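Q: The residues making up each chain are set out below.
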Amino acid sequence: MTEPTLLSGRGLNLKFGSITALSDVDVDLWPGEMLAIVGESGSGKTTLLNVLSGRLVPDNGVVWYREPDDRLHDVHAMPAPVLRTLHRSDWGFVHQDPRQNLRMTVSAGGNVGERLMARGARHYGDIRATALGWLEQVEIDANRIDDLPRTFSGGMLQRLQIARTLVTHPRLVFMDEPTGGLDVSVQARLLDLIRSLVTRLRIAVVLVTHDIAVARLLAHRIAVMQRGRIVETGLTDQVLDDPRHPYTQLLVSSVLSA
Amino acid sequence: MKGYNFAYLDEQTKRMIRRGLLKAVAIPGHQVPFGSREMPLPYGWGTGGIQVTASILGSDDVLKVIDQGADDTTNAVSIRRFFARTAGVATTTATAEATVIQTRHRIPEKQLREDQIIVYQVPQPEPLFRLESSRVETKRMHGLSDYGLMHVKLYEDISRFGQISISYDYPVMVNERYLMSPSPIPAFDNPKMDMMPALQLFGAGREKRIYAIPPWTRVKSLDFDDHPFRTINASHPCGLCGATDSYLDEVVVDNHGGRLFVCSDTDHCAERRAAGHVGADGFREAAE
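These protein sequence lines map, in sequence, to chains A and B.
Just so we're aligned, residue 1 is where the first sequence starts under my numbering, counting upward by one.
Just so we're aligned, residue 1 is where the second sequence starts under my numbering, counting upward by one.
Calculated from the structure, these hints are not laboratory results.
Any given hint could turn out to be false.
To give an idea of the chain A side of the interface with chain B (calculated C-beta under 7 Å), a few residues [stated by the list, open to error]:
| # | residue |
| --- | --- |
| 1 | 69 |
| 2 | 79 |
| 3 | 117 |
| 4 | 141 |
| 5 | 142 |
| 6 | 152 |
| 7 | 227 |
Pair by pair, the computed Cβ-Cβ distance ranges are [claimed, not checked]:
| # | chain 1 | residue 1 | chain 2 | residue 2 | range |
| --- | --- | --- | --- | --- | --- |
| 8 | B | 233 | A | 184 | 29 to 37 Å |
| 9 | B | 131 | A | 250 | 12 to 20 Å |
| 10 | A | 119 | B | 167 | 25 to 33 Å |
| 11 | B | 135 | A | 55 | 37 to 45 Å |
| 12 | A | 32 | B | 167 | 46 to 54 Å |
| 13 | A | 73 | B | 78 | 27 to 35 Å |
| 14 | A | 120 | B | 72 | 24 to 32 Å |
| 15 | A | 73 | B | 35 | 52 to 60 Å |
| 16 | B | 162 | A | 254 | 51 to 59 Å |
| 17 | A | 250 | B | 135 | 42 to 50 Å |
| 18 | B | 139 | A | 32 | 55 to 63 Å |
Since this is a predicted model, take the numbers as computed values, not measurements.
Built from N, CA and C at the ideal position, the CB exists for glycine as well.
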């Protein structure tokens, strides 16, 4: 890879009391790439995601983010307003539970438009047109634009969350189990949607999942975590078809094949 | 008045409030916490405004107090009498003669001058409180100037009602930095705050906050480019003085659905009538 990385974590360590959540983790993410972090629950996947996105401060180690103009920023040394601006424009965060991200008392259109307005959009017609466009892209019927999210199904909520996150065309999106808690057919459609959107908009994604199938379908590269360490990393097919670390072998062999 | 300090509050309290006021003036629109005192009137009746007034009042000041624009309602009469007794200051109902004007829910129709101070009574100083219940979070939003949420509220209004439906306490941006609640004045009065020559002080007693707008400061009502802020004028002239450009109250006058629209600013109305302006209902009154 000759292109410079978009996001790099180096020597990340974090302890919660006596529990080691992260230990000497190095991660690299290139522009437009999808990196899956897999592992069983409690292995530190979500903690790593929170550290990479600046929401949690590591005990030591550093996370570098490269701006479009090639300037490097230490994510944890950024002043709060800068990080906040980044989070609401160039970055996005998709939660497992869309209710954490969506405003349940605000209409679908308002939810999609919020990031635009936070970024300074002040033209109602434009905001609404953009919101309509995004609802269409995530396959939500346009006449639901003024409905409250609580009238939406789980799959629709998750798609609405994705529309709300991607509306500002972020360069980097963090996803925490985006398909968790959805039934299988809805999952498949959602994965399809994420894959096409991310490829078309060339968004870099850090995806946390415990579902190997999701990782295989979406990710270019994969990092396997066990007890706060990355035990194996590489191209998705390579890691999943020819796992080297015993833990990865266990993980792959434990997947039920249909 | 014997047994009381000048203007009721003790000097230490006044100093504390003045320090808060100085900070508030230095950072237009920013809410400054202060140690609000128990006052001899209930919360919601103007405890914040009365403490600010007490702190800035001098013996040669002339005080005017209005409530919903009127000089003769209970709240206005009581507070005016309170300061007449505890400070012995001159009081007036004429806007032009006053040096300090304490107000609830209105700004006088007459343009204020540089040598005047207007003190607003504020029930809820936080413009975001209906949208974000956490004070910690709203403080952070003010600190980072993160006001997208307020526009989401305006967006929702337009998508639901076709227009921004806030008719009072309409949020404003002060000096292009802080989002501020103008207190429950009608949106009709918002444009008067912009570049006002007089100093504007806001006191919220129960919420223990002071904020201010220095003279000649930009105050912009939030809006969208394609849905600009506009004031809603009543479609009637004032029944007593015939004014078409003032804010009107609707008064039910009989049991048969009879209604009278009159200026809410009683001083403005009286002045116009003294100058010979008569409205439709004024003629009828004279005939009876």
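Q: If a hint holds in the structure, say so; if it does not, say that too.
A: So, going through the hints one by one against the coordinates:
Given hint, residue 69 of chain A at the interface with chain B, is violated; its Cβ is 22 Å from that chain's nearest Cβ, farther than 7 Å. Given hint, residue 79 of chain A at the interface with chain B, is violated; its Cβ is 10 Å from that chain's nearest Cβ, farther than 7 Å. Given the 7 Å rule on beta carbons, the hint for residue 117 of chain A holds: about 4 Å separates it from the nearest Cβ of chain B. Among the interface hints, the one on residue 141 of chain A is violated; its C-beta lies about 16 Å from the nearest C-beta in chain B, farther than the 7 Å criterion.
About 13 Å separates the beta-carbon of residue 142 of chain A from the nearest beta-carbon of chain B, more than 7 Å, and the hint is not met. For the restraint placing residue 152 of chain A at the interface with chain B, the shortest Cβ-Cβ distance is roughly 16 Å, beyond the 7 Å limit, so the hint is violated. With 7 Å as the threshold, the beta carbon of residue 227 of chain A stays out of range of chain B, its nearest partner Cβ sitting at about 34 Å, so the hint is violated. For the pair residue 233 of chain B and residue 184 of chain A, the supplied restraint of 29 to 37 Å is violated, since their beta-carbon distance comes to about 60 Å.
Take residue 131 of chain B and residue 250 of chain A: their Cβ atoms lie about 48 Å apart, and the range 12 to 20 Å is violated. Between residue 119 of chain A and residue 167 of chain B, the C-beta spacing of about 29 Å keeps the proposed range 25 to 33 Å intact. At roughly 21 Å, the beta-carbon separation of residue 135 of chain B and residue 55 of chain A lies outside the given 37 to 45 Å, and the hint is violated. Between residue 32 of chain A and residue 167 of chain B the Cβ separation comes to about 49 Å, which falls inside the hinted range of 46 to 54 Å.
Against the hinted window of 27 to 35 Å, the Cβ-Cβ separation of residue 73 of chain A and residue 78 of chain B comes to about 58 Å, which falls outside the hint. The supplied range of 24 to 32 Å is broken by residue 120 of chain A and residue 72 of chain B, whose beta-carbon atoms lie about 46 Å from each other. About 41 Å separates the C-beta atoms of residue 73 of chain A and residue 35 of chain B, a value inconsistent with the hinted range of 52 to 60 Å. Between residue 162 of chain B and residue 254 of chain A the CB atoms are about 57 Å apart, so this pair conforms to the stated range of 51 to 59 Å.
Taking 42 to 50 Å as the suggested C-beta distance range, the pair residue 250 of chain A and residue 135 of chain B conforms, at roughly 49 Å. Restraint check, residue 139 of chain B to residue 32 of chain A: a C-beta distance of roughly 38 Å breaks the suggested window 55 to 63 Å.
In summary, the numbered hints that this structure violates are 1, 2, 4, 5, 6, 7, 8, 9, 11, 13, 14, 15, 18.
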